[in-house]
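Take these sequences, add in the hints, and give me the full structure.
Each protein sequence line maps, in turn, to chains B and P. The numbering of the first sequence is the numbering used here, which starts it at 352 and goes up by one. The numbering of the second sequence is the numbering used here, which starts it at 33 and goes up by one.
Treat the hints as calculated values from the structure; they're not laboratory data. One should not assume that every hint holds.
Covered, in the sense of this in silico footprint (three residues per stretch, anywhere, with C-beta under 8 angstroms from a C-beta of chain P), are these stretches of chain B [as the list claims (entries may be wrong)]:
hint: 1; segment: 367-374
hint: 2; segment: 383-394
hint: 3; segment: 470-479
Residues from chain P that keep clear of chain B, each with C-beta distances beyond 10 angstroms, as calculated [what the hints assert, rightly or not]:
hint: 4; residue: Ala84
hint: 5; residue: Tyr112
hint: 6; residue: Gln161
hint: 7; residue: Ile162
hint: 8; residue: Pro190
hint: 9; residue: Ala195
hint: 10; residue: Leu199
hint: 11; residue: Gly287
hint: 12; residue: Pro289
hint: 13; residue: Lys326
hint: 14; residue: Ile384
hint: 15; residue: Lys541
hint: 16; residue: Pro553
hint: 17; residue: Pro600
Every residue, glycine too, gets a C-beta built ideally from N, C-alpha and C.
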Amino acid sequence: MSATPIATTRSSAGMPTGLLAVWWVIASEIVIFGGLLASYIMHRLAHDAWSAHAANTNTWIGAFNTLVLLSSSLAAVLGHKAAEEGDGAKAARQLWYTFAGGATFLVVKGFEWAMEISHGYTISANTFWSFYYTAAGLHATHVLAGIIIMAVVARKAARNVDLHHVELIGVYWHFVDVVWIFLFPLLYIAK
Amino acid sequence: MAEAVPAGSQDPHGGHGHHEQSFWSKYVFSTDHKMIAMQYMFTGMAMGMIGAFMAYAFRMQLAFPGMEVPLYGLVSPANYNSLVTNHGTIMIFWVAMPVLLAGFGNFLIPLMIGCDDMVFPRINRLSYQIFLLSAIVLLASFFVPGGAFGGAWTAYPPLSSEAQYSLTPMGSSFWVVAVALEFVAFLMGGINFVTTAMNSRAPGMKMYDIPIVVWMIVIASILFMASVGPLIAGAIMLFFDQNLGTAFYDPSRGGDPILWQHLFWFFGHPEVYVVLLPALGVTAEIIPVFARKKFFAYKTVLYTVFATGVLSFTVWAHHQFIAGIDPRMANIFTVTTLLISVPIAEMCFVYIATLWGGSITLSTPMLWALAFVAEFLIGGVTGIFLGASGADIYMHDTYFVLAHFHYTFYPIAIVGTFAGFTFWFPKMFGRMMDDRLGKIHFWGSIIPFNCIFIPLFVLGMAGQHRRIFDFNAYPDLALPWMQHTREFVTIALLVMLAFQLVFFYNVWKSLRKGEKASKNPWKSNTLEWTTESPPGHGNWAELPTVYRGPYEYSVPDREEDYWPQNQPS
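Structure, rendered in structure tokens:
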């Protein structure tokens, strides 16, 4: 159907519909990660023995990934700024930097996991590792989804189409960052 | 409005009226909210028939153990378990939610707030498609090796997590996947409902001009979004326990089965309100229309609902009083549970106050609405028995609990649905329903319903435990009066199911020969009654503007006793 419903163009709440929806998506995601992390923290408090397992995570790789992911958010912000100024080409370029950050994050994580699994730390090795892979895996799924959507938005933005989507994917990307900021200390630093 | 609108999309009625849609694009892949509402509603009703058939099969087994059940055959213990499990799962997730939340939500929100569709029509369609897929996955679980999951709809580990206990290695995973898909569908739908109601209201419609049912569906969607997350995480963990050998819920390897109970009920209790609120909203729309009176205390009801929503997150552990939680903790949850009955009781009083002094017409929708209030009251009052941790220790897992939650869910899922369906039938299909047949169906459903569940309260207090396949194995529970009561209950169920045929006949007859419905057959105020019955594509030729609240009935000094929201004063 070619005709766009009027409903999609209204803005009674004073906020663009797309942005409003992204905030609601994030609200529902917060409780998903919240439930998982709360379960992890409660278990962790009840099992002192987990520190021994947690000591086997590689803090340096985690720290490197944190740096990559947080820096990629800067590009997302610059992309948003460019989009607001109507410079689609620049916005697209910034989004590709963000994309590169997300992709690096996933590649590093792949190597990290391969190394850990080869040492016998599989998802079923111990409940700590179960939580480790489940939480980081759920987050990595979000990173993957994020960079796929980002590629679509960047391709459109380069042609100055749907520039307001740059802000939406940026907001989502910051959320993915914030989740990692919780995961990093909980899974890597707490020993 | 900084949002960029693609050029050429400004005229929404461009394609209006002069293109014939094919069968597929009109009925199957439609993005029109009304068609998606119908899809949800009829899928929900079809699942309801399946769920009712399951109830029929296991009730026959309970009343006449070992009997060859007509149309089903012999009910084995494993069959019995999977039937009761999936009866519960289907009735809550595949009947109450699609019909009340998604069906009425999709149909009513755009029509009641005066716009032409949802804000994300294609996500709306995707939401239904995922929902349909989830229903297929659930039903498919009956045909996999080992059969369907039979560890009760609450899916407590270890029954759900370890195949050596459940004996349904694939059925358990299908169950989790189906439920997870269903959650995804409703998250999409919920975000659509909330953003539509927030952003696409007709010009002039302020927050407090929104009809209560829209408020209720929006708040229910928010409750769903805020509560389902931990269970999604829990479902992922359960799936990993089943298939990847993790031990999140296995205490012998460092896990904790109580964790699932917390995650499940943190969702499960707000879920009661997720389905209750739309039913309360439907009732709130019907009662003022047939009492010809302004809704009593509109704003108070909204504040009450907000309070209920917040409180509903603090009561979940009342399902776990005997699961080994700290008794001091149980005290806290007893207090919050008793507290939450206050706002719900208040709502019942508000409905009664709305009726007070009105000129009441006992039409079919009104009968259903009044029955909702009356029957739900019984469910609510018996809930107080169970909310008190001391009493619950005795009552837990008896038929008293079962009768209690059927006294809440039956009014919600069945009475609320029929109330809304008979009320909006003229708007949905452009024909009036037969009132006489509607009343026969009403009494034929309500009287047997009470005959089913009041005896179950009695059996529960006598100690009859839930989830028992054949009571003859327990001499204390196989006394003659108990067995006779079970037979009476099953016969009442058969009578109730038989009367549903009247409903289907009524729908079939009314669709073909019913009197043509005018725009506003009930003389109601809300916006959906200002357009054609049924509304065309785009809902209105010209979208309405709103001038007043939705419940201005019998305003003094006016000739007519109603005052539509879109009528300039």
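Beyond 10 angstroms from every chain B Cβ - status for lysine 326 of chain P: Given that every Cβ of chain B is farther than 10 angstroms from that of lysine 326 of chain P, nearest at about 25 angstroms, it holds.
Interface exclusion of glutamine 161 of chain P relative to chain B, criterion Cβ beyond 10 angstroms: holds (16 angstroms)
Beyond 10 angstroms from chain B, beta-carbon-wise, is leucine 199 of chain P? holds (22 angstroms)
Would the non-interface assignment of proline 600 of chain P survive a Cβ cutoff of 10 angstroms against chain B? Its Cβ never comes within 10 angstroms of chain B, the nearest being 20 angstroms, so this holds.
Quick check for students: does the CB of lysine 541 of chain P sit more than 10 angstroms from each CB in chain B? holds (34 angstroms)
Please confirm whether isoleucine 384 of chain P is truly not at the interface, meaning its C-beta sits more than 10 angstroms away from all C-beta atoms of chain B. Non-interface label on isoleucine 384 of chain P holds, nearest chain B Cβ at 33 angstroms vs cutoff 10 angstroms.
Taking 10 angstroms as the cut and beta carbons as the points, is proline 289 of chain P off the interface with chain B? holds (12 angstroms)
Take the segment 367-374 of chain B, compare each residue's beta carbon with every beta carbon of chain P, and decide whether three or more fall closer than 8 angstroms. holds (count 5)
Since proline 553 of chain P was said not to touch the interface, does its Cβ keep a gap of more than 10 angstroms from each Cβ of chain B? Proline 553 of chain P is indeed farther than 10 angstroms from all Cβ atoms of chain B, at 26 angstroms.
Closest CB-CB distance from proline 190 of chain P to chain B, is it above 10 angstroms? holds (15 angstroms)
Status of the stated non-contact between isoleucine 162 of chain P and chain B (beta carbon gap over 10 angstroms): holds (15 angstroms)
Using C-beta distances, would you say chain P covers the segment 470-479 of chain B, given that this needs three or more residues below 8 angstroms? holds (count 4)
Going down the numbered hints, you'll see the structure goes against just number 11.
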